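Q: The lines below spell out each chain.
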Amino acid sequence: SQTIHQWPATLVQPVGSPLSLECTVEGTSNPNLYWYRQAAGRGLQLLFYSVGIGQISSEVPQNLSASRPQDRQFILSSKKLLLSDSGFYLCAWSWRSTGELFFGEGSRLTVL
Amino acid sequence: AQSVTQLDSHVSVSEGTPVLLRCNYSSSYSPSLFWYVQHPNKGLQLLLKYTSAATLVKGINGFEAEFKKSETSFHLTKPSAHMSDAAEYFCVVNLNRDDKIIFGKGTRLHILP
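Read top to bottom, the protein sequences are chains R and S.
Residue numbers for the first sequence follow our numbering, so the first one is -3 and each next one is one higher.
Residue numbers for the second sequence follow our numbering, so the first one is 2 and each next one is one higher.
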């Protein structure tokens, strides 16, 4: 069976510090991978998605970046966090044939 | 631009009455469409999906949705609301051409006793 792991679950960081959120998928190969940010009243905002190693599509221009160094690993990063980066971040994967998303448990980021 | 619009941010219905949550999409390609539900402090759960087979799709917990290409809609319905249906519901579009998956802003469903 397939599983998705996302960490850390909770993170409190000062403004201007770096960020690294990591997501790995087990039990499948060549998945599509997604990073979303969830905010009240705004649904899930698509930040980045990837259809293969090294292939990243960015949806929202901001100070975040994503990388996919391995087939089942997806990393969300920032060099300098802003207050507005606070939120709940969700990693997800899907099979290309179905498009159904499977979510990690999320990472709550608070920038102070 | 490709997008998905949930027309109501909040919907309130009485227990036992029908539920209608509206969703319209905009896409240049044949999309796949989904509804997810999120109960308070819980993760997202797939309710149902449309992937170009039958236009009337049945999901879990008595929910169903009808894909209407002419109206670019995928509204979610349930004949009789239950208190346990109180949650936030998201309409989701998979733009199949490039695997981009976009969420609507959500509709919070309130069930009145």
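What the hints contain is simulated information worked out from the structure, not anything from laboratory work.
Just so we're clear, the structure is a prediction, and the values are computed from it rather than from any experiment.
Mixed in with the good hints, there may be bad ones.
Straight-line alpha carbon distances no greater than 20 Å define the calculated EDC-like cross-link-like pairs of lysine to aspartate or glutamate that follow [stated by the list, open to error]:
1) Lys101/S with Asp67/R
2) Lys43/S with Glu101/R
3) Lys69/S with Asp9/S
4) Lys50/S with Glu18/R
5) Lys106/S with Asp81/R
6) Lys59/S with Glu96/R
7) Lys106/S with Asp9/S
8) Lys106/S with Glu18/R
9) Lys43/S with Glu96/R
10) Lys50/S with Glu96/R
11) Lys75/R with Glu101/R
12) Lys59/S with Asp86/S
13) Lys101/S with Glu55/R
14) Lys75/R with Glu18/R
15) Lys106/S with Glu96/R
Q: Now tell me, hint by hint, if it's right for this structure.
A: Verification of the supplied hints:
no.: 1; hint: Lys101/S with Asp67/R; in the structure: holds, 18 Å
no.: 2; hint: Lys43/S with Glu101/R; in the structure: holds, 9 Å
no.: 3; hint: Lys69/S with Asp9/S; in the structure: holds, 19 Å
no.: 4; hint: Lys50/S with Glu18/R; in the structure: violated, 28 Å
no.: 5; hint: Lys106/S with Asp81/R; in the structure: holds, 19 Å
no.: 6; hint: Lys59/S with Glu96/R; in the structure: holds, 16 Å
no.: 7; hint: Lys106/S with Asp9/S; in the structure: holds, 9 Å
no.: 8; hint: Lys106/S with Glu18/R; in the structure: violated, 25 Å
no.: 9; hint: Lys43/S with Glu96/R; in the structure: holds, 18 Å
no.: 10; hint: Lys50/S with Glu96/R; in the structure: holds, 8 Å
no.: 11; hint: Lys75/R with Glu101/R; in the structure: violated, 24 Å
no.: 12; hint: Lys59/S with Asp86/S; in the structure: holds, 16 Å
no.: 13; hint: Lys101/S with Glu55/R; in the structure: holds, 9 Å
no.: 14; hint: Lys75/R with Glu18/R; in the structure: holds, 15 Å
no.: 15; hint: Lys106/S with Glu96/R; in the structure: holds, 18 Å
The structure fails hints 4, 8 and 11 (numbered hints given earlier, in ascending order).
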